[in-house]
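If you're matching them up, the sequences are chains R and A in order. Be aware that the first sequence starts at 1, since it is given in our numbering, and climbs by one per residue. Be aware that the second sequence starts at 1, since it is given in our numbering, and climbs by one per residue.
Derived from the structure by calculation, the hints contain no laboratory data. Don't take every hint at face value.
Here are the simulated DSSO-like cross-link-like pairs (lysine-lysine), alpha carbons at most 30 Å apart as the crow flies [to be verified]:
| no. | chain 1 | residue 1 | chain 2 | residue 2 |
| --- | --- | --- | --- | --- |
| 1 | A | Lys53 | R | Lys335 |
| 2 | A | Lys120 | R | Lys17 |
| 3 | R | Lys277 | R | Lys348 |
| 4 | R | Lys310 | A | Lys90 |
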Amino acid sequence: MAFKTPLYDEHVSLHGKIVEFGGYLLPVQYPTGVIAEHMAVRTGVGIFDVSHMGEILYKGKDALANLNYVLTNDFTSLPIGRIRYSVMCYEDGGCVDDLIVYRLGEDSYLAVVNAGNRIKDAAWMKEHLFGDVEFKDISEDVAQLAIQGPLSGEVLGKYTELPKKYYSFIETTILGKNVMVSQTGYTGEYGFEVYCRKEDVTELYREFLKDERVVPCGLGARDTLRLEAGMPLYGHEMDETVSPLETGLDFGVKLHKDFIGREGILNRKNRHRVGIKMIGRGIAREHLDVYKDGKLIGHTTSGTHLPYLKGAYAMALVDEEYPAGTIVEVDIRGKRVEGEITALPFYKREK
Amino acid sequence: MKTPLELKYSKSHEWVKITGEHECEVGITDYAQDSLGDLVFVNLPEIDADAVKDEAICDVESVKAVSDIFSPVSGKVAEVNEELLDAPEKINEDPYGAWLFRLTDVEDFEGLLSAEEYEKVVEEEAH
Numbered sequence: 001m002a003f004k005t006p007l008y009d010e011h012v013s014l015h016g017k018i019v020e021f022g023g024y025l026l027p028v029q030y031p032t033g034v035i036a037e038h039m040a041v042r043t044g045v046g047i048f049d050v051s052h053m054g055e056i057l058y059k060g061k062d063a064l065a066n067l068n069y070v071l072t073n074d075f076t077s078l079p080i081g082r083i084r085y086s087v088m089c090y091e092d093g094g095c096v097d098d099l100i101v102y103r104l105g106e107d108s109y110l111a112v113v114n115a116g117n118r119i120k121d122a123a124w125m126k127e128h129l130f131g132d133v134e135f136k137d138i139s140e141d142v143a144q145l146a147i148q149g150p151l152s153g154e155v156l157g158k159y160t161e162l163p164k165k166y167y168s169f170i171e172t173t174i175l176g177k178n179v180m181v182s183q184t185g186y187t188g189e190y191g192f193e194v195y196c197r198k199e200d201v202t203e204l205y206r207e208f209l210k211d212e213r214v215v216p217c218g219l220g221a222r223d224t225l226r227l228e229a230g231m232p233l234y235g236h237e238m239d240e241t242v243s244p245l246e247t248g249l250d251f252g253v254k255l256h257k258d259f260i261g262r263e264g265i266l267n268r269k270n271r272h273r274v275g276i277k278m279i280g281r282g283i284a285r286e287h288l289d290v291y292k293d294g295k296l297i298g299h300t301t302s303g304t305h306l307p308y309l310k311g312a313y314a315m316a317l318v319d320e321e322y323p324a325g326t327i328v329e330v331d332i333r334g335k336r337v338e339g340e341i342t343a344l345p346f347y348k349r350e351k
Numbered sequence: 001m002k003t004p005l006e007l008k009y010s011k012s013h014e015w016v017k018i019t020g021e022h023e024c025e026v027g028i029t030d031y032a033q034d035s036l037g038d039l040v041f042v043n044l045p046e047i048d049a050d051a052v053k054d055e056a057i058c059d060v061e062s063v064k065a066v067s068d069i070f071s072p073v074s075g076k077v078a079e080v081n082e083e084l085l086d087a088p089e090k091i092n093e094d095p096y097g098a099w100l101f102r103l104t105d106v107e108d109f110e111g112l113l114s115a116e117e118y119e120k121v122v123e124e125e126a127h
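Working from the sequences, and respecting the hints, build out all of it.
Right, dumping it as structure tokens:
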């Protein structure tokens, strides 16, 4: 059975096309269409229901030590009010999930994880708890909206002050509701995520939509936006068979400290995540073989037509680091179509 | 959803415009384009290729997925709408104007649905 987010009825009344994702019924798109939704985020402002994401609290004097042991990044220097990206690994270096961690207070942290992995993540984290720490999965009580795009600050700024820096957050109120607003997102664009109690989210969502510039966006645009921005997605660019170094997440792995999966990661860095821009006619999607000079070098992990760049792009895991410009071929339903290794991200916003 | 009365339809959501005793034009229906969403890529059949009734002959791709187009009748591909190669969005904008291919040597047009019959198919599928 699939869960509904508190905004399910809103999506239905906005004629969202509902699909199941990560165990939740969510709109893949609205009548606006994926391309227009994608472009709204690149050039205006879009709003996403991301209430399906999981939220897990760590509290206590050993909260930091626990996070540093169970996650690949180092949170020792993370100030209160700031956020850090990390991966969580199995002993063998494969990924349990990727997540972001908010430092809420002196001894309290909030981990935000992928919906489809939440139960598995919580079990893994719990299994490895030690010392003086309180652990709580609060996903059921928390709703989340992502307001993304160059105009997002203007829209949200009508209600509250905003976190000034990327990957920082503030606790504030909107329409008298307690919320947490962070400058984060999964689109590669300037934008914010608003966390609130699930009973408050419908009122906030309706209020934000009163601004006619705000376009409701579905999972389809969320996927094309993150792909255009070269961001990995669990289950595609990483999973239990891929290490964070293989998929290019070196910045989120701190090998100077001890953590679960450290040895495993060191023993298996042998693949690389690359970007491919298609040259020949065809759209490379996930799970397709990639060849160079007739030799199989890996497979695609995600791929589609990217609306802002107006072309077919894919990400792939391949056997070595090929320089940008290397010509490869992707097997699209039996046809070898030429592509070119391209630096990630495909799209980077101008600041 | 539009379903022009003068056209014939297949259960797999293609429309057929009969243009001669053995000739027709084929495209995808309004319902099909709406279900697929924004189209971003079209693979057209080769000229002179054999079209076999109910078999995949070419495909269209949206941002999310690739979908086969089935030939609603048997015949030979006489012409393809090359304009769509650079402008697949025309299928979304005008599904009954944006024909995909024209067939010749069509033996018969049996088994196609009327507009009314097709609307019933769609109605059942939507439930």
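Assess, step by step, whether the Cα of A/Lys53 is no farther than 30 Å from the Cα of R/Lys335, and give holds or violated. With a Cα-Cα distance of about 24 Å, the restraint between A/Lys53 and R/Lys335 holds, given a limit of 30 Å.
- Message: Given the hinted pair R/Lys277 and R/Lys348, is their Cα-Cα distance within 30 Å?
- Response: Roughly 15 Å separates the two Cα atoms, so the pair holds.
Next item on the list: Assess, step by step, whether the Cα of R/Lys310 is no farther than 30 Å from the Cα of A/Lys90, and give holds or violated.
Entry: holds, 16 Å
- Item | 30 Å Cα cutoff - pair A/Lys120, R/Lys17 | Holds - the C-alpha atoms of R/Lys17 and A/Lys120 are around 21 Å apart, at most 30 Å.
Of the numbered hints given earlier, the model fails none.
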